Amino acid sequence: MKILVCISHVPDTTSKINFTENNTQFDPNGVQFIINPNDEFGLTRAMWFKEKQGATVDVVTVGEVAVEPTLRKALAIGADAAIRINMTPQDGFSVAQQLAKVVQDGNYDLVIAGRESIDYNGGMVPGMMAELIGANFVNNCISLTIQDNSVIAEREIDGGKETLTTKLPLIIGGQKGLVEESDLRIPNMRGIMMARQKPLNVIDPIDAITKSSTKSFEKPESKGAVTLVDKDNLDQLINLLHNEAKVI
Amino acid sequence: MSILIYAETQDGQYSKSAFELASYAHALASTLNTSVTALAINASDPKSIERYGVNKVLEVKNTVLSTFSAQLYANVISQAAKSDGSSIVIVSSSADSKFLAPLLAVKLEAAFASNVVALPTSIAPFLVKRTVFTNKAFGITELNSDVKLLALSKNAFGLIENPSIASVVAFDVTLPSITQSVTGIDKATDKVTIADAEIVVSAGRGLKGPENWNIIEELAEVLGAATACSKPVSDMGWRPHGEHVGQTGKPVASNLYIAIGISGAIQHLAGINSSKVKVVINTDPEAPFFKAADYGVVGDAFEVVPELIEKLKVFKSQNS
Ligand SMILES: Cc1cc2nc3c(=O)[nH]c(=O)nc-3n(C[C@H](O)[C@H](O)[C@H](O)COP(=O)(O)OP(=O)(O)OC[C@H]3O[C@@H](n4cnc5c(N)ncnc54)[C@H](O)[C@@H]3O)c2cc1C
Ligand SMILES: Nc1ncnc2c1ncn2[C@@H]1O[C@H](COP(=O)(O)O)[C@@H](O)[C@H]1O
Numbered sequence: 001m002k003i004l005v006c007i008s009h010v011p012d013t014t015s016k017i018n019f020t021e022n023n024t025q026f027d028p029n030g031v032q033f034i035i036n037p038n039d040e041f042g043l044t045r046a047m048w049f050k051e052k053q054g055a056t057v058d059v060v061t062v063g064e065v066a067v068e069p070t071l072r073k074a075l076a077i078g079a080d081a082a083i084r085i086n087m088t089p090q091d092g093f094s095v096a097q098q099l100a101k102v103v104q105d106g107n108y109d110l111v112i113a114g115r116e117s118i119d120y121n122g123g124m125v126p127g128m129m130a131e132l133i134g135a136n137f138v139n140n141c142i143s144l145t146i147q148d149n150s151v152i153a154e155r156e157i158d159g160g161k162e163t164l165t166t167k168l169p170l171i172i173g174g175q176k177g178l179v180e181e182s183d184l185r186i187p188n189m190r191g192i193m194m195a196r197q198k199p200l201n202v203i204d205p206i207d208a209i210t211k212s213s214t215k216s217f218e219k220p221e222s223k224g225a226v227t228l229v230d231k232d233n234l235d236q237l238i239n240l241l242h243n244e245a246k247v248i
Numbered sequence: 001m002s003i004l005i006y007a008e009t010q011d012g013q014y015s016k017s018a019f020e021l022a023s024y025a026h027a028l029a030s031t032l033n034t035s036v037t038a039l040a041i042n043a044s045d046p047k048s049i050e051r052y053g054v055n056k057v058l059e060v061k062n063t064v065l066s067t068f069s070a071q072l073y074a075n076v077i078s079q080a081a082k083s084d085g086s087s088i089v090i091v092s093s094s095a096d097s098k099f100l101a102p103l104l105a106v107k108l109e110a111a112f113a114s115n116v117v118a119l120p121t122s123i124a125p126f127l128v129k130r131t132v133f134t135n136k137a138f139g140i141t142e143l144n145s146d147v148k149l150l151a152l153s154k155n156a157f158g159l160i161e162n163p164s165i166a167s168v169v170a171f172d173v174t175l176p177s178i179t180q181s182v183t184g185i186d187k188a189t190d191k192v193t194i195a196d197a198e199i200v201v202s203a204g205r206g207l208k209g210p211e212n213w214n215i216i217e218e219l220a221e222v223l224g225a226a227t228a229c230s231k232p233v234s235d236m237g238w239r240p241h242g243e244h245v246g247q248t249g250k251p252v253a254s255n256l257y258i259a260i261g262i263s264g265a266i267q268h269l270a271g272i273n274s275s276k277v278k279v280v281i282n283t284d285p286e287a288p289f290f291k292a293a294d295y296g297v298v299g300d301a302f303e304v305v306p307e308l309i310e311k312l313k314v315f316k317s318q319n320s
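So the sequence lines, in the order shown, correspond to chains A and B. Under the working numbering, the first residue of the first sequence is numbered 1, with each subsequent residue one higher. Under the working numbering, the first residue of the second sequence is numbered 1, with each subsequent residue one higher.
Quick caveat, the hints were computed from the structure, so don't treat them as lab data. All values derive from a computational prediction rather than experimental measurement. For every residue, glycine included, the Cβ atom is placed at its ideal position computed from N, Cα and C. Errors might be hidden in some of the hints.
Computed Cβ-Cβ distance ranges for the label pairs, DEER-style [what the hints assert, rightly or not]:
hint, chain 1, residue 1, chain 2, residue 2, range
1, A, Asn86, B, Lys276, 41 to 47 Å
2, A, Ser150, B, Pro285, 53 to 59 Å
3, B, Glu286, A, Leu184, 28 to 34 Å
4, B, Ala118, A, Pro28, 25 to 31 Å
5, B, Ser317, A, Thr14, 41 to 47 Å
All chains, full assembly: derive it from the sequences and hints.
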């Protein structure tokens, strides 16, 4: 089985988000970048398929040279090879077209992406890729088992979960549940050394259609001060929630 | 030219998000001088959505569609949009809609904006406001295509009644064969889900252990609320994954969010920013959550929550 894990390179979850140039550009200054958390769960599940079922695992990112440390980290975790499509991501649709080309050229059986990236939160790349290629697609995937061509997947639904049977080739939008938090791997010294020897192929983007672009950003309005209620006067809290906030 | 909404149903009944979509579409249609069409799949009372300003309902009745399938539903919505000549198609932010929307976008060759929180700020160019960086900011996104697909964030617009008369038109669909099927659904039907809830009661590591969640569940029950938790709580297996909210968990956009024994880490707050009113109960007055909350109680959850439950019961009995 050939697996491709799509990795989005995103600001660390502790980052404060700032903008420059009159709020038209995201400011990467002082921001640490990480593997998108949903993709890290997927990559870790891919390692399981590699170790238990002999799969090969490649990772891919659409991005400029600045994303390479993130790809090296994925190699250090255990991926076999990395691909970087050399361009600044424009919108979800154009990224999906770039990735779809890699999936088709590489004849991948399984493509693991995340349910959403925590930067632009599009939640669109994996599904669009699936539709472009004509592959099966399971979103919000929280469990995945594969025997030969047959797939049993679970997806999170509002208030529960659903079990699906389907076939390869398959693309998933993965998330926590694919593996547990405690299964995530921190690259060790040996992994980091080995990652330096592994291939990181830089390829040129294809011509793709872009349909959307973010023109500017806004920060949420800052909040007024909290109204404190004495713990011995909870009637006041109920009163405030009922009469002032009107939520109960 | 029309605006098409995919009006979701649950067991035949329109979900609240269907009415919110209708309210939003009606407001947008007024500025564009066009009409609103709702697509209803196996709805038991399709006409009832006219209360929110829908002009036409395309009614699909098909037993094959009784179980959700993203492939089939995206196909059906796309057929409806093409037949109705829709220039704007709107879906909700439910798990099902998030599943089908990217498929639909490609089928319609539509530019797609998810997590939309307001009416377009401009029509030409078409600009919509959406949340980015998991609620840490908003982005103004331009959509460039003839057909546009929007996914509206829950509770971003609210319900606005605009009674109108809707014609209900039967819509016949041809369904493609699919290679994916649902073999099981595991869903607690007696509990409010985080996605639907008006009120969410959430607890963190301050609760000390899973055996203490009875007070959280009881508080949720009194309020008709859903229960949620912080990430470490679900990582330790105290609560199911589906309850984990935050930047790496579920977003919460309820009217009221009550956080008990949760410190208020930036990753937690990112997921609940779009909840309207936030209440925090925490022993530590320095807990960062107090800076993000509207109302706060400094106190021990094991004392405050049981007392709050008692007082709410009295309040409920007097106000119902
Ligand atoms: C990559 C990454 C992603 C993350 N994503 C998320 C996410 O999506 N969601 C999320 O929640 N977290 C997330 N986190 C974790 C986050 O940083 C915090 O560690 C976490 O939110 C803390 O959970 P907590 O508030 O329950 O626990 P703690 O920080 O331990 O806080 C417990 C609180 O309970 C209070 N307390 C103690 N006893 C009582 C009592 N008897 N009564 C009342 N209050 C009491 C304490 O004063 C304290 O404020 C993420 C972290 C990382 C690194
Ligand atoms: N620039 C990118 N390069 C590679 N994969 C990406 C990129 N952007 C998004 N993805 C993948 O698509 C998923 C969903 O992203 P999005 O649709 O942007 O929310 C991510 O979790 C990644 O797996």
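How the hints compare with the structure:
1. Checked against the hint of 41 to 47 Å, the pair A/Asn86 and B/Lys276 passes, with Cβ atoms roughly 44 Å apart.
2. A C-beta distance of roughly 56 Å is found between A/Ser150 and B/Pro285, which places it inside the suggested range of 53 to 59 Å.
3. Remark: the range hint 28 to 34 Å for B/Glu286 to A/Leu184 is upheld by a beta-carbon distance near 30 Å.
4. One distance hint, 25 to 31 Å for the beta-carbon pair B/Ala118 and A/Pro28, holds here, with the actual separation near 27 Å.
5. Range check, B/Ser317 to A/Thr14: about 45 Å between beta-carbon atoms, so the 41 to 47 Å window is met.
Of the hints listed earlier, there is not a single one the structure fails to meet.
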